[in-house]
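Colleague: Sequence:
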Amino acid sequence: MDIEEIRRYRRAEPFRAFNLVLADGRKLPVDRPNALAIAPDGKLLAFQTLDSWFERIRPEAVAAIDLNVNTLEVNRNRLLATASASSGRRV
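Everything in the sequence shown is counted per the numbering used here, starting at 6 for the first residue and increasing by one.
Each hint should be verified, as a subset may be incorrect.
[Claimed, not checked] In silico SDA-like pairs for lysine to any residue, Cα to Cα no more than 20 Å straight-line:
1) LYS48 / ILE70
2) LYS32 / SER57
3) LYS48 / GLU18
4) LYS48 / ASN73
5) LYS32 / PRO45
6) LYS48 / VAL74
7) LYS48 / ILE8
8) LYS48 / GLU60
[To be verified] Distance windows between CB atoms, simulated:
9) ALA42 / LEU85: 15 to 21 Å
10) LEU85 / ARG63: 26 to 32 Å
11) LEU72 / ALA28: 14 to 20 Å
12) ASP46 / ASN73: 29 to 35 Å
13) LEU85 / GLU18: 17 to 23 Å
14) LEU55 / PHE20: 26 to 32 Å
15) ILE70 / ALA44: 23 to 29 Å
16) PRO19 / GLU65: 25 to 31 Å
No lab work stands behind these hints: they were computed from the structure.
Quick caveat: nothing in here was measured; it's all calculated off a predicted structure.
Cβ atoms here follow ideal geometry from the backbone N, Cα and C, with glycine treated the same way.
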């Protein structure tokens, strides 16, 4: 996915929660701007999990951005992302 599009969603005013939908089908909930860091060169994303670890993601692994987010889905997806990151899985 285009890194500039991801940046636009992250910098939106007012911020609106969204999911990064990965090519493997996982959804990573970005419920606040600081839950996602973008390298200055745009070649790497860092997603913060619930346990404050970061999962590194290549922008090309992002298939879509999903704006249909509700609080329950965000919490469930954050838990799933945390479990995945804790297992050492990389995207």
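Colleague: If I claimed the Cβ atoms of ILE70 and ALA44 lie 23 to 29 Å apart, would that claim hold in this structure?
Modeller: 18 Å, violated
Colleague: Within 20 Å, alpha carbon to alpha carbon, are LYS48 and ASN73?
Modeller: Roughly 26 Å separates the two Cα atoms, so the pair is violated.
Colleague: Given a hint of 14 to 20 Å, does the C-beta separation of LEU72 and ALA28 actually sit inside it?
Modeller: Given about 19 Å between the Cβ atoms, the range holds.
Colleague: Is 25 to 31 Å right for how far apart the beta carbons of PRO19 and GLU65 are?
Modeller: 29 Å, holds
Colleague: Does LYS48 pair with ILE8 here, judged by a C-alpha cut-off of 20 Å?
Modeller: It holds: about 8 Å lies between the C-alpha atoms, which stays within 20 Å.
Colleague: Would you check the hint for LYS32 and SER57, treating anything up to 20 Å between C-alpha atoms as holding?
Modeller: 17 Å, holds
Colleague: Assuming the hint says 29 to 35 Å, is it satisfied by the Cβ distance from ASP46 to ASN73 or not?
Modeller: 30 Å Cβ-Cβ, so the 29 to 35 Å window holds.
Colleague: Straight-line Cα separation of LYS48 and GLU18 no greater than 20 Å?
Modeller: 24 Å, violated
Colleague: May I ask you to test the hint 26 to 32 Å on the CB atoms belonging to LEU55 and PHE20?
Modeller: 19 Å, violated
Colleague: Hey, LYS48 versus ILE70, does the alpha-carbon distance stay inside 20 Å?
Modeller: Since the Cα atoms of LYS48 and ILE70 sit roughly 17 Å apart, the hinted pair holds (cutoff 20 Å).
Colleague: For the pair supplied as a hint, LYS32 and PRO45, confirm whether the alpha-carbon distance does not exceed 20 Å.
Modeller: Violated, at about 23 Å.
Colleague: Return holds or violated for the Cβ distance of ALA42 and LEU85 against the range 15 to 21 Å.
Modeller: 20 Å, holds
Checked against the numbered hints listed earlier, the structure breaks hints 3, 4, 5, 6, 10, 13, 14, 15; every other hint is satisfied.
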